[in-house]
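Student: Quick note, the sequences are listed as chains A and B, same order. Just so you know, the first sequence maps onto residues 0 to 247 in numbering that gives the first Met the number 0. Just so you know, the second sequence maps onto residues 0 to 315 in numbering that gives the first Met the number 0.
Derived from the structure by calculation, the hints contain no laboratory data. Backbone N, C-alpha and C define an ideal beta-carbon position, used for all residues, glycine too. Careful: at least some of the hints might be erroneous.
Now the in silico label distances, taken between C-beta atoms and shown as ranges [claimed, not checked]:
hint, chain 1, residue 1, chain 2, residue 2, range
1, B, 159, A, 222, 21 to 27 Å
2, A, 166, B, 108, 43 to 49 Å
3, A, 133, B, 29, 34 to 40 Å
4, A, 238, B, 204, 26 to 32 Å
Taking lysine-lysine and the DSS-like style, the derived pairs with C-alpha atoms no more than 25 Å apart in a straight line are [what the hints assert, rightly or not]:
hint, chain 1, residue 1, chain 2, residue 2
5, A, 218, B, 186
6, A, 226, B, 312
7, B, 290, A, 226
8, A, 226, A, 55
9, B, 15, B, 290
Residue strings, one per chain:
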Amino acid sequence: MNILVCISNVPDTTSKINFKDENKSFDTNGIQFIINPNDEFGLTRAIWLQQKSGAKVTVVTVGDASCEPILRKCLAMGADQAIRIDAIPEDGFFVASQLASLCAKEKYDLIITGRESIDYNGAMVGGMLASILSIPYVANCIQLDIDGTSASLQREIDGGIESLSAIFPLVLGAQKGLVEESDLIIPNMRGIMQARQKPLTVETPSYVEGQTTIQNFEKPQVKGPVKLVDAADIDTLIELLQNEAKVL
Amino acid sequence: MSVVVYIESQNGIIKKAGLEVASYGRAIANATKTALIAVTFNTEDTSILNSHGADKVYNINTAEDSFFNVDRYCASIVGIAEQENAKVVVVSASADGRYLGPILAVKAQAAYFSNVVALPGSYEPFTVKRSCFTNKAFNESLSEQGRVVVSLSSNAFGIVEQETAAEQLTGDYIESNSSLKVTSIDKVTNKITIADADIVVSGGRGLKGPENWHLIEDLAEVLGAATACSKPVSDLGWRPHSEHVGQTGKPVASNLYIAIGVSGAIQHLAGINSSKVKVVINSDPEAPFFKAADYGIVGDAFEVVPQLIEKLKAIQ
């Protein structure tokens with residue numbers, strides 16, 4: 000089985016978000032970049048398949064050379080090889096189109112993206128990629144069982160779980176639940192040493208135009224201080240929620 | 000030209016998110032002087048769309064296919080969008096809406112905007128404000144594409160009534176050759192979901208163990224609220240992942256969010272940033288949540304919450 004895991008380079012979840020150039024671009028100063036958490040759940044699931052049944056796991060990202068440390072981390076976690084498509088990711092459609100070009104050249108049975116990236120939160124690359132390739136997509140995927148050429152999957156829906164089946168190739172959008180937080184692989188020294196020998200190839204992007212551009216960013220309004228209510232005075236809290244906030 | 004909106008219904012009844020999408024679509028149709036076309040599936044009574052601005056309603060009967068099928072729903076909506084020459088297609092931010100959006104955009108050759116929180120700033124070119132960095136920021140996005148698909152954040156625009164006399168039509172349910180099949184759905188039917196809730200009551204590690212969750216559940220019941228939890232609580236297995244709120248969990252955009260024994264890690268606060276009013280109950284006055292909340296009580300949840308439940312019961 001040939002598995003492609005699509006990786007996004009995102010700011011650490013604890014990052015304070017700031018902008019520069021008159022709020023036209025994200026200020027990466029002091030930001031530590033990590034593997035997008037949803038992608039990491041997917042990569043861990045892929046590595047389990049590699050360990051269990053010898054699947055080959057390729058990781059790919061669309062980005063400049065600054066993304067290579069996270070690809071090396073993926074290799075240290077156990078991925079077999081890495082590809083960097085050398086382009087600035089303009090928007091989700093651009094990224095999905097680049098990935099689709101790669102999938103047209105190399106045959107992957109299973110393509111894993113994260114449910115969404117935690118930076119731009121587009122939640123679109125997986126669905127668009129599947130749609131461009133005309134293959135099935137399962138969003139918010141929390142369970143994957145493989146039976147020969149087909150898969151049974153579960154999708155988290157509002158207030159429940161949906162069970163689905165599809166024939167490979169397919170795309171899934173990984174999230175927590177596909178593996179648990181405690182299952183995530185922490186690279187050991189051996190993995191880190193091996194990662195240096197594993198192939199990381201740089202590919203030229205195909206010619207695609209993005210469909211959207213970001214004009215500017217803004218931060219939410221700074222809110223006023225909290226109104227504290229005495230623990231013995233619940234009536235006041237209820238009164239404030241009823242008459243001031245008008246939410247009860 | 001037209002605006003097409005996908006109106007979700009559940010068990011034949013139109014959902015609140017559906018009316019939000021209709022209201023938003025109507026505002027765009029008014030601004031661009033075009034018609035609002037509503038597309039819905041298996042809805043028993045579509046008359047409520049007459050008071051939320053629809054000019055035409057396509058109600059599609061999916062016959063024996065009783066589950067949401069993303070590929071067939073997508074093909075059916077694209078068919079109507081083509082027929083009606085839609086410039087804008089709007090879906091909700093429900094699990095199904097966000098699943099459908101990007102697939103629909105590719106099939107309809109449209110640009111896609113998710114997490115949209117306001118009406119477009121302009122129409123030619125199309126610009127719109129969306130949330131990003133898990134609600135830690137917003138961005139204004141632009142597209143020159145001739146058609147756009149918008150996924151509207153829940154509780155961002157509200158419900159606006161406008162009387163119309165909608166033409167009632169039936170639409171075609173279009174086949175798909177995709178191998179994807181929905182085999183079953185396991186849904187909690189008697190509980191309000193985080194996505195649909197006006198009020199969410201959330202518990203953190205301060206509750207000390209899953210055996211104390213009756214406090215959260217009882218408070219949620221008296222308020223008609225959904226229950227949620229912090230990441231450590233779901234990682235510890237006290238509560239299911241589906242209740243985890245935050246950056247790697249669910250976003251919450253309720254009118255009222257009550258956090259009990261939740262310290263307020265930056266990832267959690269990001270996830271609830273779109274909620275309108277936040278209340279925190281925590282014994283630690285230094286808990287970061289107090290900086291993000293509108294109202295707070297420094298106190299022991301085991302004393303405060305039972306009193307709150309009693310007093311809320313008394314006023315109902």
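Student: Next step is simple, just say for each hint if it's right about the structure.
Tutor: Hints versus structure:
1. A beta carbon spacing of about 26 Å between residue 159 of chain B and residue 222 of chain A agrees with the range 21 to 27 Å that was offered as a hint.
2. Distance hint check: the CB atoms of residue 166 of chain A and residue 108 of chain B are about 26 Å apart, inconsistent with the given range 43 to 49 Å.
3. The hint said 34 to 40 Å for the Cβ distance between residue 133 of chain A and residue 29 of chain B, and at roughly 37 Å that hint holds.
4. Distance hint check: the CB atoms of residue 238 of chain A and residue 204 of chain B are about 30 Å apart, consistent with the given range 26 to 32 Å.
5. Of the supplied pair hints, the one linking residue 218 of chain A and residue 186 of chain B is violated, its CA atoms being roughly 37 Å apart against a limit of 25 Å.
6. Between residue 226 of chain A and residue 312 of chain B the alpha-carbon distance is near 24 Å, which keeps this suggested pair within the 25 Å criterion.
7. For the hint linking residue 290 of chain B to residue 226 of chain A, the alpha-carbon distance of about 10 Å falls within 25 Å, and the restraint holds.
8. This hinted pair does not check out: residue 226 of chain A and residue 55 of chain A have alpha carbons roughly 56 Å apart, beyond 25 Å.
9. In summary, the hint linking residue 15 of chain B to residue 290 of chain B is not supported, as the alpha carbons are separated by about 31 Å, beyond the 25 Å threshold.
Consistency with the previously given hints fails for numbers 2, 5, 8 and 9, ordered from lowest to highest.
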